[in-house]
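J.: So the sequences go chain by chain: A and B. So in the working numbering, spot 54 of the first sequence is number 54, and the numbers just go up one at a time. So in the working numbering, spot 123 of the second sequence is number 1123, and the numbers just go up one at a time.
Some hints here could point you the wrong way.
Residues of chain A clear of chain B, computed beta-carbon distances all greater than 12 Å [stated by the list, open to error]: (1) L5; (2) E8; (3) I10; (4) L12; (5) M17; (6) A31; (7) P84; (8) A88; (9) P90; (10) A117; (11) L135; (12) E184; (13) N185; (14) S188; (15) L234.
Estimated spans, in silico, between C-beta atoms of each pair [claimed, not checked]: (16) W19(A) <-> S1210(B): 53 to 61 Å; (17) S1189(B) <-> R253(A): 54 to 62 Å; (18) M1004(B) <-> V230(A): 53 to 61 Å; (19) V241(A) <-> A1070(B): 22 to 30 Å; (20) V1172(B) <-> L245(A): 46 to 54 Å; (21) R94(A) <-> G1063(B): 18 to 26 Å; (22) W19(A) <-> R1218(B): 26 to 34 Å.
Far from chain B, some chain A residues (derived; all Cβ distances over 10 Å) [as the list claims (entries may be wrong)]: (23) I15; (24) F28; (25) L101; (26) V146; (27) L181; (28) D255; (29) A256.
Hints were generated in silico from the structure; no laboratory data involved. We put the beta carbon where it would ideally sit given N, CA and C, even for glycine.
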Amino acid sequence: MISTLRSEWIKLRTIRMNWVLVAIALAFPLAVSALFVAFAEVGSFDGADVFGLLSFTTVVTTMLLGVVGATTITGEYGFNTIRPTFAATPNRLRVILAKMLVVIVVGIVTTAVVVVAGLSLCTAIASARDVDIDLGAVDGLVEASVGLVVFGTILTVFGLALGSIVRSTPAAVAALILWPLLVENIVSGILGAVGIDNVSKWMPYGAGTQLWTLDSPDAIGGLTEGLGRVGGGLYFGGVVVALLLVGCVFVSRRDA
Amino acid sequence: MTVMVEGLTKRYGAKVAVGNLSFEVNPGVVTGFLGPNGSGKSTTMRCMIGLDRPNAGRATFQGKAYSALARPLHEVGVLLDAGYVHPGRSGRNHLRWLAASNGIPTKRADEVLELVGLEAVGGKSLRTYSLGMKQRLGLAGVLLGDPHTIILDEPANGLDPEGIRWIRDVLVHQAGLGKSVLVSSHLLSEMALMATALVVIGKGQLIEQSTVADFVARHGDRWVRVASPRVATLVEALRVSGARVEYLDDTTISVYGATAPEVGDAAARYNVALHELTTVTGSLEDAFLRATASVQEYQGGAR
């Protein structure tokens, strides 16, 4: 297993596109949040607003991490390196497991850097402008920060799962973007229209976003009517694990 | 024997790509895997190493299925297609992930890179490699784990004549070390220079397994070339005895259906001086086309 992990890590780090994606994933939320804190009117924002903006822009980060996760497998099918991969490691489940562990590490590190660097950077810029955003006073900040890291990590596995099912990079990326943006809204909309209410909380991605939603009543979505931080996170994580298992079955059954 | 293929069958829908194919690959020689395009050579190789699931049959390497090999690169080196690389990766990094997957030290990757003469371009991205360079890289990957069995699909593809000679020397050398080498190729003349044993398939079926010499003897034409200043007299005599004769020019003929001693005896009887008396053997290519054509006829007739 250690050999397979080492091999998958070499594969991941020797594709330049992965570094580009991670760089954008880091830069985007940091840049937007820093610009906001640097130029927004003094007194118009507090710590909750700063974290809200940081976490919301980190959605882009998590999407890009999903793309990294997806391409670890779709890239192999696309360039046919899946064949030498499975020739070198006939146990395909071990390959998928190694890919999962490697992208989980990338997901944790990237999102953790975004959260820690983002909050530090915003605090520093604010204090340079003599504004005290007092993050310590924000309810549930630590929980939501950890939740954001967990969410980013789940997204990398989500990408890997979709990638192992559809095997093509464009299809996996499309599914990764359309699922949260479109599919969940359409499904809950249709179900709502035919009288089945209260389904939106069961939309997996939407439930997962509660991982990083602040407890305050005016925060996006709010935590009061959904499955809650832990419940929503477990539910989304469970759906992703189920998808990955489906992907494992597909990868094992199909000719490479 | 090292490699046994037994009753291998692979269907894609209703189409039988490989049907009940059995053959073996023995150590110490290069075994050529011959068949027309689309005859199932690549499918057979993919089934052998578990990339495709056969519908029936199995392949074993020293008694073990490929999927049962813990670190397969140490036992079976496979190159299906030199193009199975990520274009953004360097040649060296390609070998490194391959090596790491089987616990092979990184320095071995550099060693094989040098062995195939790519050390100068090892750091360049594979996008910039020619097909010939990718073939060399692929062979480096095969040699990484110093396996007892080597399986290559069309390794001479895209190589220049010097490269073809090089790969032939490498494979013959590896076979000489006691390894089992299975090489598919459509370059039959190449195969004649490299392979000692042959597995010939057509439409996914085994046509025959034999040595190259036996195969040519069985399927190749043999005839006698004769030159004589009084060739017309000889032709008369040979035709009477039932041989078939073709004129090459005024003084040279090809004789079918008679051996060189028989032609020589006939010439002596009629007091005809001979300037040439040569037994000619058809090429492997001729033998191959003849053998596969018969199977295709058979298959066409059975439909």
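J.: Now look at each hint and say whether the structure bears it out.
T.: Structure-based check of all given hints:
no., hint, verdict
1, L5, "violated (9 Å)"
2, E8, "violated (8 Å)"
3, I10, "violated (4 Å)"
4, L12, "violated (9 Å)"
5, M17, "violated (7 Å)"
6, A31, "holds (26 Å)"
7, P84, "violated (5 Å)"
8, A88, "violated (4 Å)"
9, P90, "violated (4 Å)"
10, A117, "holds (28 Å)"
11, L135, "holds (41 Å)"
12, E184, "holds (33 Å)"
13, N185, "holds (36 Å)"
14, S188, "holds (39 Å)"
15, L234, "holds (33 Å)"
16, W19(A) <-> S1210(B): 53 to 61 Å, "holds (54 Å)"
17, S1189(B) <-> R253(A): 54 to 62 Å, "violated (41 Å)"
18, M1004(B) <-> V230(A): 53 to 61 Å, "holds (56 Å)"
19, V241(A) <-> A1070(B): 22 to 30 Å, "holds (28 Å)"
20, V1172(B) <-> L245(A): 46 to 54 Å, "holds (48 Å)"
21, R94(A) <-> G1063(B): 18 to 26 Å, "holds (23 Å)"
22, W19(A) <-> R1218(B): 26 to 34 Å, "violated (59 Å)"
23, I15, "violated (6 Å)"
24, F28, "holds (23 Å)"
25, L101, "holds (15 Å)"
26, V146, "holds (32 Å)"
27, L181, "holds (29 Å)"
28, D255, "violated (4 Å)"
29, A256, "violated (4 Å)"
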